[in-house]
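Student: Given the coordinates of chain A, work out where chain B should sit on it, guided by the hints.
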Amino acid sequence: MRLPDKRITEEEVVAELRDGITIGIGGWGSRRKPMSLVRAILRSPLKDLTIVSYGGPDVGLLCAAGRVRKVISGFVSLDSIPLEPHFRSARQQGAIEAMDLDEGMLLLGLQAAAWRVPFLPTRAGLGSDIPELMPEIRTVRSPYPGPDGAEGEELIAVPAIQLDVALIHMNRADQAGNGQFLGSDLFMDDWFAMAAEQTFMSCEQIIPTEDFPRYGSFHTQRISRLHVTGVVEAPGGAHFTECPPDYGRDEAFQREYAAAASSPEAWEEFRSRWLDVDSEAAYQQALRAWREEGR
Amino acid sequence: MSSVRHEPTDRAAGEGALDADVTADRVRRADVCVVAIAECFRGDGERLCNPIGTIPMIGGRLARATFEPDLVMTDGFAMFTASVLPPGTDPYRSREGRLEIDSVVEAWNPYPQMFSVLWNGRRHVVMGASQIDCYGNQNLACIGDWRRPKVQLLGFRGAPGNTINHTTSYWIPNHSPKVFVQKVDVVCGVGYDRARTLGPVASRFHEIRRVVTNLAVLDFETPDNRMRLRSVHPGVTVADVVEATGFELVVPDEVPETRLPTAEELRLIREEIDPDNLRHTEVPG
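If you read the protein sequences in the order shown, they are chains A and B.
Reminder that position 241 of the first sequence reads as 241 in my numbering, one-by-one numbering, no gaps.
Reminder that position 1 of the second sequence reads as 296 in my numbering, one-by-one numbering, no gaps.
Certain hints may be false.
Claimed, not checked - Not the full set, but computed from the structure, chain A residues with beta-carbon under 10 angstroms of chain B:
#, residue
1, E84
2, R91
3, G94
4, G125
5, E132
6, E153
7, E154
8, A157
9, P159
10, Q162
11, M194
12, Q198
13, P208
14, F212
15, A259
What the hints contain is simulated information worked out from the structure, not anything from laboratory work.
On a predicted model such as this, the values are computed, not experimentally measured, just so you know.
Even for Gly, the Cβ is constructed at its ideal location relative to N, Cα and C.
So that you can see chain A by itself, here it is in the shape it has in the complex:
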């Protein structure tokens, strides 16, 4: 059994990206985010990005660093800190465009892109301000009679949210790009992967394909190499978001990150310490030193 070898580094992933592209980021809030890939973007000069995400610190960091033109999301939250302070200030300063969807509408947009149809119909969004505030969201009339036998129902037509690139983080993967999640929720990572032209998947550990059953049942093997362009081995790569069962959220670090939104000086200090480093390895090294200090 010979499988392709798609192993690459964070830097090689970033070399595939261009200014102005649309990047979907998996995970949910401050949970299992591909943070090592986000950090690599922050070390590059990439800008004018459209970010599609059930947003957490991925969105906040990219906004704070001025890399974002537009955010398409159902929410942006740090979970234990409900409001993402960096995203908030970007929105309140008018620094970014937003497309603020119902969480389920965002799923349908990814599914439409994955299935290569222009839209998917739903009741979600009807009667809310979404269609009025976001004119790119249109409605569609069902060609079938309504439940009362009269004309077809009018529904929201969620447009396909086509991604240039998706970034996701798994607990385990093989070198060919098959991924395994070991937490309680895959979130929408499979849909992100299928909605994108190219998907880059980081993982806690690359293992031989035959070892997946050692970590979880076959039900956990939900990402296929069909939809994965490159695999990055990134232990601690979801830090400071949670990645159970490998590790929980680093709440102390997340508080530091949130506090960095309090002033430009605080952000500069955070940036120089945690983002202006040479590599992901240097970040993880700095993290170990920070934890030593704390003891």
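Tutor: Chain B in isolation, oriented as in the chain A frame:
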């Protein structure tokens, strides 16, 4: 004991003699709010009970433990669970590289599946609201013009899809004119006037059942579905509620008091569902 017993008690609320303990002076406001939330689920039968927030979670669990034993409960993460830990306890932990869960799982319901459940309709959610108007239009997205918000809040989250697909109630721990407004800045959750404009077909699954606050219980059981004062909590006057509401409430001639917990309900709340008393941190007094 950390788990909740779910034997059906088959006892009508309020029935039976009250303990000496269950008098208005011993029952605290948060206990009344918990019972008022539980009452939102009365009659729901086998439906997903999905209250979001501390007092809503306690209230939902109380309904399940007493008069609505068939309710399906979530752990707030990815599981439907037959037993639950007290609010604020994380049921998941890692052991030898595996995820374990300290509750009895009925079904796995990760986020993608949750949207199927809610579009399917067998769900009653209790959400919060940063603003709500007299028809139950709710805002939790932002304050000010959405295009450039004065204050960015949560975003739309699931509010549009929830309200148009299944029953919704609201929990508002700070009843004030800042929350109960003439006009919400952004409509996330759909209210009755909007539902009516959509027509009977589009709005056939829409129901805003109750609004429970730290002062009162409100509903929309009026001819034009304007918000009505259903009951005031013990110690609160009708005038208090009217003053704390930024629009004209429908106030019936007789406004009853929100019912007190029964002795058994109080025992369940204190000993089994919320032994750490988190409810009093959300509603003091």
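Student: Hints first: check each against the structure and report whether it holds.
Tutor: To see whether the hints hold, each was checked on the structure:
1. E84: 9 angstroms, holds
2. R91: For A/R91, the interface hint holds, since the closest Cβ of chain B sits about 4 angstroms away, which is under 10 angstroms.
3. G94: 4 angstroms, holds
4. G125: Result: holds, 5 angstroms to nearest chain B Cβ.
5. E132: Holds: closest Cβ of chain B sits about 9 angstroms from A/E132, inside 10 angstroms.
6. E153: 6 angstroms, holds
7. E154: 7 angstroms, holds
8. A157: 14 angstroms, violated
9. P159: The hint is violated - A/P159 has no Cβ within 10 angstroms of chain B, the shortest such distance being about 16 angstroms.
10. Q162: 19 angstroms, violated
11. M194: 13 angstroms, violated
12. Q198: With a minimum Cβ separation of about 22 angstroms from chain B (threshold 10 angstroms), the hint on A/Q198 is violated.
13. P208: 16 angstroms, violated
14. F212: Result: violated, 13 angstroms to nearest chain B Cβ.
15. A259: 18 angstroms, violated
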